[in-house]
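Asks: Just need the whole structure built from these sequences, with the hints factored in.
Position in the sequence shown (from 1) plus 56 gives the number in the numbering used here.
Hints listed in this document are in silico derivations from the structure and should not be mistaken for laboratory results.
Do not rely on the hints blindly, as some may be mistaken.
Derived EDC-like pairs (lysine to aspartate or glutamate); straight-line CA-CA distance at most 16 angstroms [unchecked claim]: (1) Lys420 / Asp359; (2) Lys384 / Glu356; (3) Lys350 / Glu338; (4) Lys363 / Asp268; (5) Lys350 / Glu390; (6) Lys378 / Glu356; (7) Lys420 / Asp408; (8) Lys291 / Glu281; (9) Lys350 / Asp393; (10) Lys350 / Glu392; (11) Lys378 / Glu390; (12) Lys347 / Glu390; (13) Lys384 / Glu360.
Pair ranges (Cβ atoms, derived) [stated by the list, open to error]: (14) Glu390 / Asp359: 18 to 26 angstroms; (15) Ala86 / Thr404: 46 to 54 angstroms; (16) Lys384 / Gln331: 17 to 25 angstroms; (17) Val348 / Thr77: 25 to 33 angstroms; (18) Glu211 / Thr415: 22 to 30 angstroms.
The beta carbon of each residue, even a glycine, is placed where N, CA and C say it ideally should be.
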Amino acid sequence: METDEQRLWILMSRKLTGEATEEEIRQLDAWLKADPHAMYCYQVFLQLWQGEAASIHPKELEEKYIRQQKLIHGAEAAEEGRLVKGTRKHIGWRVMMAAAMISGVIATIWLMKNPISFHNTPTADEWVTVSTPNGIRAHVVLPDSTQVWLNAGSEMRYRKDIDMASLREITLSGEAYFEVQHRPHQPMVIHTRHLDIRDLGTAFNVRAYPDDPVTEATLIEGAIEIISRSHPEEKIRLKPSQRITFYHDSWTVNGQPAHPNISPNNEGKNYALTQVKPDPKESLIPDTAWKVNKLVFQSERFDELVKQLERWYNVHIILKSKVVAGYKLTGSFENEDIEQALKALQITAPFDYHIREDTIWIEKP
Numbered sequence: 057m058e059t060d061e062q063r064l065w066i067l068m069s070r071k072l073t074g075e076a077t078e079e080e081i082r083q084l085d086a087w088l089k090a091d092p093h094a095m096y097c098y099q100v101f102l103q104l105w106q107g108e109a110a111s112i113h114p115k116e117l118e119e120k121y122i123r124q125q126k127l128i129h130g131a132e133a134a135e136e137g138r139l140v141k142g143t144r145k146h147i148g149w150r151v152m153m154a155a156a157m158i159s160g161v162i163a164t165i166w167l168m169k170n171p172i173s174f175h176n177t178p179t180a181d182e183w184v185t186v187s188t189p190n191g192i193r194a195h196v197v198l199p200d201s202t203q204v205w206l207n208a209g210s211e212m213r214y215r216k217d218i219d220m221a222s223l224r225e226i227t228l229s230g231e232a233y234f235e236v237q238h239r240p241h242q243p244m245v246i247h248t249r250h251l252d253i254r255d256l257g258t259a260f261n262v263r264a265y266p267d268d269p270v271t272e273a274t275l276i277e278g279a280i281e282i283i284s285r286s287h288p289e290e291k292i293r294l295k296p297s298q299r300i301t302f303y304h305d306s307w308t309v310n311g312q313p314a315h316p317n318i319s320p321n322n323e324g325k326n327y328a329l330t331q332v333k334p335d336p337k338e339s340l341i342p343d344t345a346w347k348v349n350k351l352v353f354q355s356e357r358f359d360e361l362v363k364q365l366e367r368w369y370n371v372h373i374i375l376k377s378k379v380v381a382g383y384k385l386t387g388s389f390e391n392e393d394i395e396q397a398l399k400a401l402q403i404t405a406p407f408d409y410h411i412r413e414d415t416i417w418i419e420k421p
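Replies: Given below as structure tokens:
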């Protein structure tokens, strides 16, 4: 008799091969929507299936694989018992089943090494906490059908009864892209450390890492309303393709603007409003490119890019040169590993680096 874990891998494998029936797809979709942990397993499975598990040592994989042989064969036998001979394509399924189970083993190893936190906070209101470690991104469907893409090194909390709550509240530390199921009588508010973002029927990106000097919100479509914790009396409504950058500290240094993008008509404000445009080469808005597993940056200071690289590749980078820190860089990465990315950056920015395990030192040449 198959376990729930076996059944989950079977349904995911069938869906990827196109062999799933409508009932199986419906069952899997309902499962993923009701069980966020299963959704994370699915997202990890997809990313590993695309090759992101290549760094796992083969011996470790082999040992884990041997320990799960009985589980694998049990799942295959249970599923074959349900098939009516000749009604489905067996060869493609068997190949995918074996590969899927191997990927399932890899996913298990990955989850052991990089545990995704998912738990109910023991409070009266029953808050659910979801967090992604560096090096992984995930897609979550909330109980109210709102879709959230969570970037690496991020944490999101929401009430377990969000589907029925009069005020749908989410707290965010890190970066997330939201496609909100708009409900006029059940407003949604995203709380970050410095800003509250009220959904007015929209898709938008929020970047609010606690160690970054800024919090940003970029509106893709619809409308959002921004309220600063430091100036709650002021409400700022964004238009599509508009970004607000909120500076946590004073926006002047020695009487001069610390951030040249701030418009003169923002005098005395600690935020800037700018228009966002797609990257000409990628045809993607850099703010949301991470959602499709691309790291796109335009005129980014090296010291700010370093933070993104650390989260993206799950490494620790030590930047030893102030000169190098001030380099402005433009580019994009998708399938490159960290060393390939650094070599690409060296083409336009002179610097040396050396790597030891998961730590990288960068300095002047």
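Asks: Next, verify each hint and record whether it holds.
Replies: The hints, checked one at a time:
{"no.": "1", "hint": "Lys420 / Asp359", "result": "holds (14 angstroms)"}
{"no.": "2", "hint": "Lys384 / Glu356", "result": "holds (5 angstroms)"}
{"no.": "3", "hint": "Lys350 / Glu338", "result": "holds (9 angstroms)"}
{"no.": "4", "hint": "Lys363 / Asp268", "result": "holds (8 angstroms)"}
{"no.": "5", "hint": "Lys350 / Glu390", "result": "holds (5 angstroms)"}
{"no.": "6", "hint": "Lys378 / Glu356", "result": "holds (15 angstroms)"}
{"no.": "7", "hint": "Lys420 / Asp408", "result": "holds (6 angstroms)"}
{"no.": "8", "hint": "Lys291 / Glu281", "result": "holds (6 angstroms)"}
{"no.": "9", "hint": "Lys350 / Asp393", "result": "holds (12 angstroms)"}
{"no.": "10", "hint": "Lys350 / Glu392", "result": "holds (10 angstroms)"}
{"no.": "11", "hint": "Lys378 / Glu390", "result": "violated (27 angstroms)"}
{"no.": "12", "hint": "Lys347 / Glu390", "result": "holds (11 angstroms)"}
{"no.": "13", "hint": "Lys384 / Glu360", "result": "holds (10 angstroms)"}
{"no.": "14", "hint": "Glu390 / Asp359: 18 to 26 angstroms", "result": "holds (23 angstroms)"}
{"no.": "15", "hint": "Ala86 / Thr404: 46 to 54 angstroms", "result": "holds (49 angstroms)"}
{"no.": "16", "hint": "Lys384 / Gln331: 17 to 25 angstroms", "result": "holds (19 angstroms)"}
{"no.": "17", "hint": "Val348 / Thr77: 25 to 33 angstroms", "result": "holds (29 angstroms)"}
{"no.": "18", "hint": "Glu211 / Thr415: 22 to 30 angstroms", "result": "holds (24 angstroms)"}
Of the hints listed earlier, the one the structure fails to meet is number 11.
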